[in-house]
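Protein chains in written order, with our numbering: chain A, 68 to 498; chain B, 68 to 498.
By construction, these hints were calculated from the structure, which means they are not laboratory data.
Since the structure is predicted, the reported quantities are computational estimates derived from the model, not experimental observations.
Any given hint could turn out to be false.
Any copy will do: because identical chains look the same in the list, a pair fits if it lies in one copy or spans two.
Below are the BS3-like pairs computed for lysine-lysine, each with C-alpha atoms no more than 25 Å apart in a straight line [what the hints assert, rightly or not]:
| # | residue 1 | residue 2 |
| --- | --- | --- |
| 1 | LYS480 | LYS316 |
| 2 | LYS132 | LYS366 |
| 3 | LYS480 | LYS360 |
| 4 | LYS494 | LYS366 |
| 5 | LYS479 | LYS494 |
| 6 | LYS494 | LYS316 |
| 7 | LYS479 | LYS316 |
| 8 | LYS174 | LYS457 |
| 9 | LYS479 | LYS457 |
| 10 | LYS494 | LYS332 |
| 11 | LYS480 | LYS494 |
| 12 | LYS494 | LYS293 |
| 13 | LYS293 | LYS316 |
2 protein chains.
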Amino acid sequence: MTTEPHSHKGPDIAHVTLHNGLEIVVIPDHRTPVVTHMVWYRNGSADDPVGKSGIAHFLEHLMFKGTDKHPQGEFSDVVTALGGQENAFTSYDYTAYFQRVSREHLKTMMEFEADRMTGLVLSDDVVNPERDVVIEERRMRTDTDPSAQLGESLASTLFTHHPYGKPIIGFMHEIEGLNREDALAYYRRFYTPENAILVVAGDVTETEVVRLAEDTYGRIPARGQKPERQRPREPDARAARRVVLADPKVEQPSVQLAWVVPSYKTAEKGEAEALEVLVQILSAHGTGRLHRKLVMDQKIAVAAGAWYQSTAVDRSRLMLYALPHPDGTLEALEEAIENVLTDIVQHGVEDHELRRAKTRLIADTVYAQDSQSSLARMYGSALATGSSLKDVTDWPDAIDAVTAEDVKQVTKKWLNRRHVVSGYLLKDEAA
Amino acid sequence: MTTEPHSHKGPDIAHVTLHNGLEIVVIPDHRTPVVTHMVWYRNGSADDPVGKSGIAHFLEHLMFKGTDKHPQGEFSDVVTALGGQENAFTSYDYTAYFQRVSREHLKTMMEFEADRMTGLVLSDDVVNPERDVVIEERRMRTDTDPSAQLGESLASTLFTHHPYGKPIIGFMHEIEGLNREDALAYYRRFYTPENAILVVAGDVTETEVVRLAEDTYGRIPARGQKPERQRPREPDARAARRVVLADPKVEQPSVQLAWVVPSYKTAEKGEAEALEVLVQILSAHGTGRLHRKLVMDQKIAVAAGAWYQSTAVDRSRLMLYALPHPDGTLEALEEAIENVLTDIVQHGVEDHELRRAKTRLIADTVYAQDSQSSLARMYGSALATGSSLKDVTDWPDAIDAVTAEDVKQVTKKWLNRRHVVSGYLLKDEAA
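Next comes chain A alone, as it looks inside the complex:
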């Protein structure tokens, strides 16, 4: 076991690695006698083997199917009986399992979670019906929703080579082909102590958490080496692309503009922070440039915003969107959004906008820390995507250091209209 000394602002966080490679993060929060227990695995849908898209997400479902020690349903029943909550989620870069219980039940959660890290038992009798559940999930969420279909097509146009272009849930025809052997092979590859991060936030001490973890997770032998992510790199974009989906079910048309941009992990120093500030300047509620220019001044949109997936292992995505006024076209709206960016590239941003954006970003993060699970999630997702605890704690200072020139430069460098991928969602009037 090694302990890494750690300077920070905010809670007094401990970061420990067990002898078997399991990383542990302890975030004290003594306001109420509860704990949030999360295990993060450093594998997500972007690590799905070629032709097996959806396997990370499918395995997340299957992790609730029981072990030799605990039959299917027992873990969830215990969480419920203890008055706790549980959840799990799969993203591009990680899969995580979560329980929130009274502090005295932490060890029970650890026992169950450690048990299913290596003890999962899968038979065709549980795998096959669960695959039907996922198929139905995809049918409901994506295949009957024009907006989700456009989203998939847009993502695959944005990322033509890197697996961020594949849907997290998987392609239907590949989900249909997933079986017990695929699930077990994937499980054995990625569900190891070396690949996991235990995050415990709550009314606990480092000493206590580490002792409990050693008694539970510590009994799992090291696998010997960390599984490697094998991902091709997306080539630089050479053309502008537009994806158009028209469907009779669409009630509100929309336009999106997307680009491949650096994540915190891949960015040059300060670039991700500048993109974060830019997005805030563009989309802050009520005062963002997109809202002011498109909704209030030009009256060509009824809403507009921006979104940046900054926490990611590889180059990630930034998206702007707007919903047109009933009289307007998406082409005009796309042009207007581009002009908002051109204005920033040509004239920069105002000092007051910059100040407000930075204050807001930092405040939002401080407020988020008020929620124990947000706090755990913030640290877990950062570590699972290759950032360090120091990156997280230094982040407010890094945001504070962003200059108006930085914002101008990242806009110019990354949000080039020659490389945009735009998405048009239209009501199909003909059908």
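Given chain A's structure and the hints, the job is docking chain B onto it.
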């Protein structure tokens, strides 16, 4: 050795499989005392491992680097000294090596080609400079050519999951990473007798070719099993997409429309033939509908045509293109091309067009057989993509059976404007 009896029209072709799995096709052509000797491997760029794009093509280069028995350059020198010709090419689905020599030198070609099927010697001293050659090839052909760049972007938008969306030559950043170990691993996986097809056309008999092949290729031990192609299936398109590239170097703008369509290998009965006839009706020189409507009637294009990659292992692509009149826009031209298709979907094609298209297609193929190398190539590419000799010989009858209704139906089914990928090449006036 097994011999498959084979009924056909055209030349009296033999199809034999050696004990080690090597397939042999012998196409007699006694007009001149020459032979065309080709070896086809059932692996192309679409079989490149993820992250190693370009390896099939790179290995094609490296196959000229010599063996223990024959140092680098000797094979090519011998072909030249014998007054012969040689070539090699890599496509999505296959890699092939070709020599044309006097009939008495066939055995020499077989000895060399069989020798390099398993005897290739690669050192860093030859691999690394050759990689620079390929890098330069890519730089010259693609990275400085806006039309080629648009083509790559269009292909990756059309095929977002299947490797037909990756460039045959590879992505620059992946070519740069290819090394000796990658090349040897790939070579050992795919260069085996079970994965190869020997095609000999020329002034030879089956008996003679088989005897020579047994003395040369027959000495290579079987590997034990045929390498498998592992390719994800492209999901059905859900949206229309447009790819736009503007560059100051562009002198002639153009618009392309592309769709994923069945190949002969994947098509339902008659569909590929109907697409072939459609393309002929659209693009026959001087009389095709695209030329007549866009160039002659509407005068909005200076040229127009169509292209269908029908010989492929998986679903493939069909493209229409037009070059705008200097006064016209690409948007208008795209709309006009779509209207040519809509007209066919609504009103079908004329009997005389259908007849002329079928006659022309069949005649073109008959004329192509006049060239020994075209003949060898026709059979080799068919077998290498999973068609049979019978498919090739029955092809004229299958084309003849296409009806006007078939043409209308495939146009409606496959060339849907809701799923088109269009490519716009524009002169960048701003830069």
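Taking the hints in turn, this is what the structure says about them:
1. LYS480 with LYS316: Cα proximity of LYS480 and LYS316: across copies only (22 Å, versus 37 Å in one copy).
2. LYS132 with LYS366: neither (53 Å within a copy, 67 Å between copies)
3. LYS480 with LYS360: within (22 Å within a copy, 43 Å between copies)
4. LYS494 with LYS366: For LYS494 and LYS366, the Cα distance is within 25 Å only inside one copy (21 Å; across copies 33 Å).
5. LYS479 with LYS494: between (33 Å within a copy, 22 Å between copies)
6. LYS494 with LYS316: within (7 Å within a copy, 38 Å between copies)
7. LYS479 with LYS316: Answer is between; shortest inter-copy Cα gap is 23 Å, intra-copy 37 Å.
8. LYS174 with LYS457: neither (28 Å within a copy, 69 Å between copies)
9. LYS479 with LYS457: For LYS479 and LYS457, neither the intra-copy (29 Å) nor the inter-copy (58 Å) Cα distance is at most 25 Å.
10. LYS494 with LYS332: Classified as neither; 39 Å inside a copy, 37 Å across copies.
11. LYS480 with LYS494: This pair counts as between: shortest inter-copy Cα distance 22 Å, intra-copy 34 Å.
12. LYS494 with LYS293: neither (48 Å within a copy, 50 Å between copies)
13. LYS293 with LYS316: neither (46 Å within a copy, 48 Å between copies)
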